[in-house]
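Asker: Hey, can you work out the whole structure from these sequences and the hints?
Sequences listed follow chains Y and Z, in order. Quick note on the working numbering: the first sequence kicks off at 2 and runs consecutively. Quick note on the working numbering: the second sequence kicks off at -6 and runs consecutively.
Do not rely on the hints blindly, as some may be mistaken.
Stated by the list, open to error - Calculated cross-link-like contacts (lysine to aspartate or glutamate; reagent style EDC-like; alpha-carbon spacing at most 20 angstroms):
#	chain 1	residue 1	chain 2	residue 2
1	Y	Lys52	Z	Asp471
2	Y	Lys52	Y	Glu99
3	Y	Lys182	Y	Glu170
4	Y	Lys123	Y	Glu152
5	Z	Lys200	Z	Glu96
6	Y	Lys52	Z	Asp474
Read the hints as simulated data drawn from the structure, not as lab findings.
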Amino acid sequence: MNPTSDNDLAGEPNADIASSQAPVAHAPQTAVAAPNSGNLIQAVGLRKAFKVGDRTLEILHGVDLSLTHGEVVAMVGTSGAGKSTLLHVLGLLDRPSEGKVLLEGVDAWSLSTAARANLRNKKIGFVFQFYHLLPELSAVENVLLPAMIAEGRREFRRNRSAHFDRAGEMLDRFGLSARLKHRPEQLSGGERQRVALARALFLNPPLLIADEPTGNLDSVTGQKVLELLFEEQERRGITLMLVTHDERLARRCNRVVHMGDGMIIQDSAIPVPD
Amino acid sequence: MFRFFLSWRYLISRRTNYIGVAGIFLGVFAPIVIQSIMTGFLEESKRVLRGNLSDVAVEPLFAEREDGRMVETEAGPLIRVIREDERTRAVAVRLSWYGIASEGGPLSRLIMTGGQTGQLSAVELVGVDVLTVDKLALATLSTVLLPGIPLAGPGIQDEIDLTDSDEPDATDFFESLLREPRWGSRVANPLFPFNSPPGYRPEGRRKASVIVGESLFYQLDLRRGSILHIGSSTPHPETGELRSNTREFVVAGSFRSRDRMSDTNRIYMQRTELADFLQDGREYSKLMVTLNDYEGESAAFCDDLVERGDAAALLFGDDLPEVRTWERQKQGMIGAVQNERIMMGIMLGLVIIVAGFTIFAILSMMVFEKRRDIGILTAIGATPRGVFSTFFMIGLWDALIGATSGAVLGTWAALEVGSIDSWISEQFGYELFSHEIFAFDQVPSKVQPVFVACMLAFGIVCTLLFASIPAWRASRLDPLDALRTE
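Answerer: Listed below in structure tokens is the structure:
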């Protein structure tokens, strides 16, 4: 399902976001992107259905979407619109019923479980609304977790010192230098989310998926986390895909993808202010 | 890397895991200690029984065989067959029968008619061949003064051969005489145990000497030099008519075999004296044989002896158990202890299985509680195999720590069980193992390295098997379900 026209937004809660922005000419939503086309990730005809008793409930009705390198995309929509499902499918956590997800030109869902896990580890960073830190590990250990998964015991031991230094630097930059050895329960919500962000970015993935990253934070703390998030995106030049209900936040992105009823109903670029 | 790191972190950060470790520890520790004690008990029991019985007992049935020949009632030919076998180290002749012993006073009446002590009235009369001063003199005369010349007729020469007794090597008869008595009184001269006790001055004919088991000695309130009345009934060798015999003997002392039954109801005397007393035509009833290598040769020795004894009509044959190892003779008791040991092993093995269930329950609970962590791990790149390994390794830590410490401490406790028993007795005034009941000076214990290794392996394997189920379930969890948990 391709993006729709402005008229399709009538009556939608985030219509004001869309109406305030000029519709943009999108990159064509081709069914299959050629490798090295500049797209980082591409969804082609994604459908996702669940069985509920005897009924089949379709959540995604054939979604096509591509994200290029360095793009910052906000995904907005009402609850039940299919934002999170699309995010999980794109994040290689949930297998689509139909369609493909091409990550750097590779059909990710045709890979083996281990290869797909490796893609998740190296290419995708996740930031969740509820932080999702491991409570048994300290802040710095949580940050190092992707590296622990990526490397064998010997390799990690060899790189241990460098990893710790880098994790320490990251947390220092995120304002957590005094919290390295603190457990999640000893950290505030904002601090936890910053640790989660450091974890997501530790292996320098080209794609960062953030599912309502400020949804569980007060506005001031949320703002600080967002500043950090955008700062890191800009610094690293990574693609950021953000699910949010926050209009102001959506306005800060390059592009807003508006979902409704399992389809992309509008996909518009936001002009960069002069 | 994360599996090793995370599993260890999960293990130490959750106290419920310590319960699992403790369960595995006990599951390995308890069987090692108890099996070691049971094995020690069995070995000690065997040692005591073996001392009394020697390696092999030969008990021919003196009756007419199927081929019409009578089984030889003289011991000489069978002894020669046994001695010809180079596997034989020693052989001793025994004559056994049963009777009633009395000190001849009111005490005997009380004992024999009392319900509580009635079992003391029946005694086993055992005739043994040991040198007496008279026979030693005769043998010396024969072998030193007149070498190569028969001293007298064949009967006397046979007697000299027979009294050249292997009794010291074949049984623990002499050891039981030398052992420190608890309630009895040792014979005056263990080299000639059936010599009359010092101070014995008979008014008439000198009475033959007997040596009484120390428990019986105590019950009948005997002393060295006491007169003991022994009565018995035997069938007439030709007519089979039952006849009663009574005779007085003088008590030369007591013996202590450490076998409760023997010490309570056995009386030793010279074999010739017993044969003369019984008058039933039997010269012997049993040969006690000791082998050079019992463990390795007893089975073949018994088979060969049965074959040769049967061929020479020295045994009745017909698959009767005339030649039996001491273990077979005491099959009932040894079998009971062995059975008990096996049953105990099975029951204690169940402890490990129960401990395995504990691990299963703890890990299942952990997997349930850690669903969110599993989702996070999957989201940041852990494979299902990695998730499985993480939880499986918690079981591995449980198994390694619990089973290894159980094996090490169990072995130590089994080796030091005597000291531990003494310490507990001193500290709490409670005797764990009653020495009176078991009649062992120390709590018996024998550690079997193979058993320890088996328990260690069983503990580890069992734990891992039980840990693999929740670990597998963890690896099958849908990461999204897990991530939705908050």
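Asker: Could you grab the alpha-carbon distance between Lys52 (chain Y) and Asp471 (chain Z) and see if it respects the 20 angstroms cut-off?
Answerer: The hint holds at about 15 angstroms.
Asker: Mind checking the alpha carbons of Lys200 (chain Z) and Glu96 (chain Z) for me, to see if they're no more than 20 angstroms apart?
Answerer: 15 angstroms, holds
Asker: Holds or violated: Lys52 (chain Y) and Glu99 (chain Y), Cα atoms, limit 20 angstroms.
Answerer: Answer holds: Lys52 (chain Y) to Glu99 (chain Y) is near 15 angstroms, not above 20 angstroms.
Asker: Given the proposed pairing of Lys182 (chain Y) with Glu170 (chain Y), does the C-alpha separation stay at or below 20 angstroms?
Answerer: The hint holds at about 14 angstroms.
Asker: Measure nothing beyond the straight line between the CA atoms of Lys123 (chain Y) and Glu152 (chain Y); if it is 20 angstroms or shorter, mark the hint as holding.
Answerer: 11 angstroms, holds
Asker: CA of Lys52 (chain Y) to CA of Asp474 (chain Z), is that 20 angstroms or under?
Answerer: With a Cα-Cα distance of about 15 angstroms, the restraint between Lys52 (chain Y) and Asp474 (chain Z) holds, given a limit of 20 angstroms.
Hint check: no violations occur; every hint is consistent with the structure.
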